[in-house]
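Novice: Line by line, the protein sequences are chains B and S.
Residue 5 is where the first sequence starts when you use the working numbering, and the numbers rise one by one after that.
Residue 152 is where the second sequence starts when you use the working numbering, and the numbers rise one by one after that.
Since the hints were derived computationally from the structure, they do not count as laboratory data.
One or more of the hints may lead you astray.
[What the hints assert, rightly or not] Subject to a maximum C-alpha distance of 20 Å in a straight line, what follows is the list of computed DMTMM-like cross-link-like pairs (lysine to aspartate or glutamate):
1) S:Lys345 with S:Glu247
2) S:Lys350 with S:Glu203
3) S:Lys350 with S:Glu288
4) S:Lys193 with B:Glu618
5) S:Lys193 with S:Glu203
6) S:Lys352 with S:Glu203
7) S:Lys188 with B:Glu618
8) B:Lys416 with B:Asp380
9) S:Lys411 with S:Asp390
10) B:Lys405 with B:Glu423
11) B:Lys276 with B:Glu237
12) S:Lys352 with S:Glu247
13) B:Lys509 with B:Glu8
14) B:Lys150 with S:Glu265
15) B:Lys276 with B:Glu227
16) B:Lys150 with S:Glu254
17) S:Lys238 with B:Glu618
18) B:Lys150 with S:Asp182
19) S:Lys239 with B:Glu618
20) S:Lys239 with B:Glu423
21) B:Lys416 with B:Glu386
22) S:Lys299 with S:Glu265
23) B:Lys309 with B:Asp394
24) B:Lys405 with B:Asp419
25) B:Lys195 with B:Glu251
26) S:Lys238 with B:Asp67
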Amino acid sequence: MVLEKPILPLLEWLRLNLPTFAIGLIGVVVLGLLIGFLAGALRHGPMGSLRIVLQTMSAALVDFRHSSPRRIFAIARLAFQESLRRRVLVVFGVFVLALLFAGWFLDPSSKHPARLYLSFVLTSTNYLVLLLAVFLSAFSLPNDIKNRTIYTIVTKPVRPWEIVVGRMLGFSAVGTTLLILMCIFSYFFVKRGLQHSHQIAPQEMVNQTLDIDGDSMEQQTGESSLTMAHRHEVTVGPDGRVSVSNEHDHTHAIAETPESSRDGEYLLGKPKGFLEARVPVRGSLRFIDSSGAPGSGTNVGYENKYRKYIEGGSLAAAIWTFEDVRPEDFPEGLPIEMTLRVFRTFQGDIEQGLTGTIQLVKPALRDENGILIGPDTSWRSEEISFPAQDYTTFRRFIPRKIEARDPQGNEKIVDIFEELTDPETGSIEIWIRCLDSGQYLGMAPADLYLRASDRPFWLNFIKGYTSIWFQLVVVTCFGVMFSTILSGPVAMMSTLAAVVMGFFKNFVFDVASGELPGGGPLESLVRLIQQVGQMTDLAPGLGTTIITRIDDVLMLVIQTVSYAMPDCSIFNTSGFVAYGFNIPGELMVQHFLITLAYAIVASIVGYFCLRTREIAA
Amino acid sequence: MEATVADAAAKPQQNAEIVIETRNLTKDYRDFWGRQKVRALKALDLDVREGEIFGLLGPNGSGKTTTIKLILGLLFPTSGEALVFGKKASDVSKNERIGYLPEESYLYKFLNAEETLDFYGRLFDMTPAERKRRVEELINMVGLDWAKRRQLKEYSKGMTRRIGLAQALINDPELIVLDEPTTGLDPIGTREMKDLILKLKAEGKTVVMCSHLLADVQDVCDRIAILYQGDLKELGRVDSLLKVRDVTQIRAQGLSDAAKQEIEEVIKRHDAKVLGIENPTTTLEELFLNIVRESEARPGRRATESK
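Full structure from sequences and hints, please.
Specialist: Structural data, given as structure tokens:
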């Protein structure tokens with residue numbers, strides 16, 4: 005799974021983001037006051053306008069103080085009833101129908117079926133729910149104004165902000181109801197879709213003789229039947245224990261043994277390992293280049309600079325440093341999991357993966373550039389080799405007792421937590437090298453981690469849906485906000501635009517800041533019509549100058565707008581669920597706070613829009 | 152004009168508390184670019200006092216509904232101001248004491264009668280017990296007990312009107328603003344509505360209603376203002392406005408034809424004209440049409456409050 009930015013601890017995240025939020029909020033307030041003042045000044049002159057602005061501000065405070073939960077609840081309830089009577093539950097029907105037909109298209113022979121199923125249900129729910137939120141929230145208030153039902157509301161002691169917040173709550177509640185239904189339904193859909201079993205008859209098993217420490221032992225192996233386009237290798241060891249190989253991201257429990265089974269068949273039970281919520285402990289990554297000096301990893305020429313590569317058969321290494329690794333957390337040893345990339349400069353044996361090695365190293369004293377201070381006095385473990393293949397997660401459990409050598413080269417069996425970890429900081433280094441010379445292994449900080457523990461999958465699934473819920477709330481709030489000032493269809497389009505912009509915020513921002521080649525909107529249009537490539541400069545001249553000047557202004561506007569738009573992509577946690585990682589609680593709290601911030605800003609803007617609006621005009 | 156007996160009767164009311172006060176209230180409708188399209192209301196000065204039924208009268212487009220919307224804060228005045236209970240029209244807290252029945256009720260069609268009233272009760276922050284009592288009371292009052300569980304979209308116009316009125320009374324308001332209260336009602340419904348308005352007055356409430364149905368206004372209003380194209384044309388007590396001052400009415404019983412002739416001669420001798428005895432006062436309809444005709448001939452402001 006690609007994790008572009010590390011997840012920061014909550015306090016640090018707050019320290020970084022609170023100022024941004026404050027600046028944004030102040031910006032909105034100042035802008036609002038300015039617009040209000042200018043609009044007023046046109047009609048009442050500057051002094052009159054100032055008086056009106058001040059009155060509006062103090063009235064807003066009074067309104068806020070006099071708001072009543074009962075009224076907000078009444079309006080929220082009305083919005084809920086209105087939605088139900090407008091038959092929003094049809095959306096759930098559409099969803100169920102989509103899932104029923106999805107079975108035809110979701111390829112069961114995929115190597116990662118769980119990933120496929122999970123990303124499908126999460127993505128389809130996400131889009132459906134957001135679309136619903138846009139439609140519900142954008143049309144309600146304009147409809148009320150058009151039908152004039154709003155007359156009977158605003159002539160009651162209802163504060164404008166109660167109308168705004170009540171609606172936000174009501175429509176969020178509608179979305180929540182639907183989301184819960186969808187969540188339950190899709191959970192069982194995924195469970196059922198992945199459910200399968202294999203059989204294997206004893207007569208199909210082949211006897212093998214193993215030679216372990218001079219003793220010859222008998223074991224049986226065989227392949228299971230073909231289900232969902234894969235087979236498992238089943239081994240019955242000398243001690244009678246049955247093990248099932250890991251295929252397509254899962255293995256199986258044994259449901260029945262030959263004794264208890266009627267015709268002596270082994271029946272493999274429920275799939276295991278499909279639906280997981282791994283809790284990774286991540287470390288920081290640094291590189292050593294092929295000469296052995298601190299480096300930054302090789303760029304093999306991919307545009308995406310997320311992963312860096314190390315050269316095989318050289319001194320190059322990727323080094324993860326893990327802090328605070330304690331025996332209490334890992335009593336048995338270190339469970340290492342990694343998903344590396346392979347870059348081949350020649351084809352080699354394509355069936356076989358590249359060979360890499362893992363080595364545990366006690367951290368030595370280094371300066372900030374990674375250069376040793378003083379002599380290297382660190383213990384190093386033996387090198388454990390592993391096959392590296394693209395898109396395959398390699399798991400290795402390293403037991404506490406491991407062979408290691410001290411700086412002088414003496415070898416002995418040591419305890420990881422005694423000789424290989426720093427006793428004070430609990431830090432340990434994991435060195436990855438590639439043995440095949442001329443080939444490369446690629447990695448990013450998130451690619452190797454210690455699998456500390458597992459959380460229940462269903463909880464993670466709910467967390468994934470909670471992320472969708474956050475988006476739902478943000479979009480609803482924006483829809484209601486737009487609908488306080490715009491007519492229904494316009495409010496809907498604006499909200500939709502905000503959502504789309506939110507999903508592609510980074511791209512939009514890059515375009516607006518000129519980071520991407522091809523210029524602003526106008527220049528792009530000219531390029532499209534004239535069929536000029538992005539990298540060619542337009543012919544200089546007056547026309548081009550005018551175009552770029554106009555573009556500068558447009559880009560500034562887009563940039564400003566994109567700041568204010570909700571960034572939906574940050575709420576996307578479907579990757580965590582689909583790839584089987586626990587969504588960190590801290591991330592959820594951060595997302596909750598972001599949602600809250602958007603909701604607050606949207607309700608404040610909505611309040612002033614509705615308050616200064618002539619309802620009956 | 153000289154003081155009359157009717158004005159003397161109005162005296163105690165003049166000392167009563169002023170509920171609605173408009174000062175120089177003007178409303179222009181503007182187009183998108185802020186250009187003035189139409190002046191809907193021109194410098195209206197009005198006082199409505201506690202306990203009276205005040206009628207706003209005028210043809211379509213005369214500014215009645217605009218006035219009401221300005222008073223309720225649904226529109227913002229271009230200049231001048233409207234005060235209700237001494238508070239600005241934009242002040243939400245005034246709504247605690249107001250009940251408003253809009254022109255076409257404008258209720259949520261997907262709610263039933265009970266839910267509707269319960270919802271509006273919540274908007275007044277009423278406790279559940281209070282709401283339950285009040286909802287039951289009002290549904291009985293407007294006679295919709297038999298249909299209280301039906302969605303409003305199934306209601307006839309008359310029923311909608313009644314539930315609309317119930318909605319306006321949910322908070323037991325001191326001031327009730329009714330926009331065309333009798334439209335869509337059959338004669339019996341109209342009669343009931345009028346009786347109800349009079350009953351509200353008897354309870355000491357102030358009622359402001361606007362209508363173009365003259366009979367309604369004549370029957371219930373204490374004072375009226377006649378608007379025409381945004382101008383206040385006439386303002387005063389209904390009975391004094393309708394009094395025909397240069398006509399003397401003689402009522403007698405059992406006069407013989409000879410006696411009648413004699414009286415006629417006496418009148419003629421004094422250079423007066425006999426008009427007939429059946430029409431003692433004009434009707435509001437006549438007064439109204441007069442004003443409209445006259446206004447078309449001579450535009451502009453005509454009247455302030457008749458003393």
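Novice: Does the structure break any of the earlier hints, and which numbers would those be?
Specialist: Those not satisfied are hints 1, 5, 9, 14 and 20.
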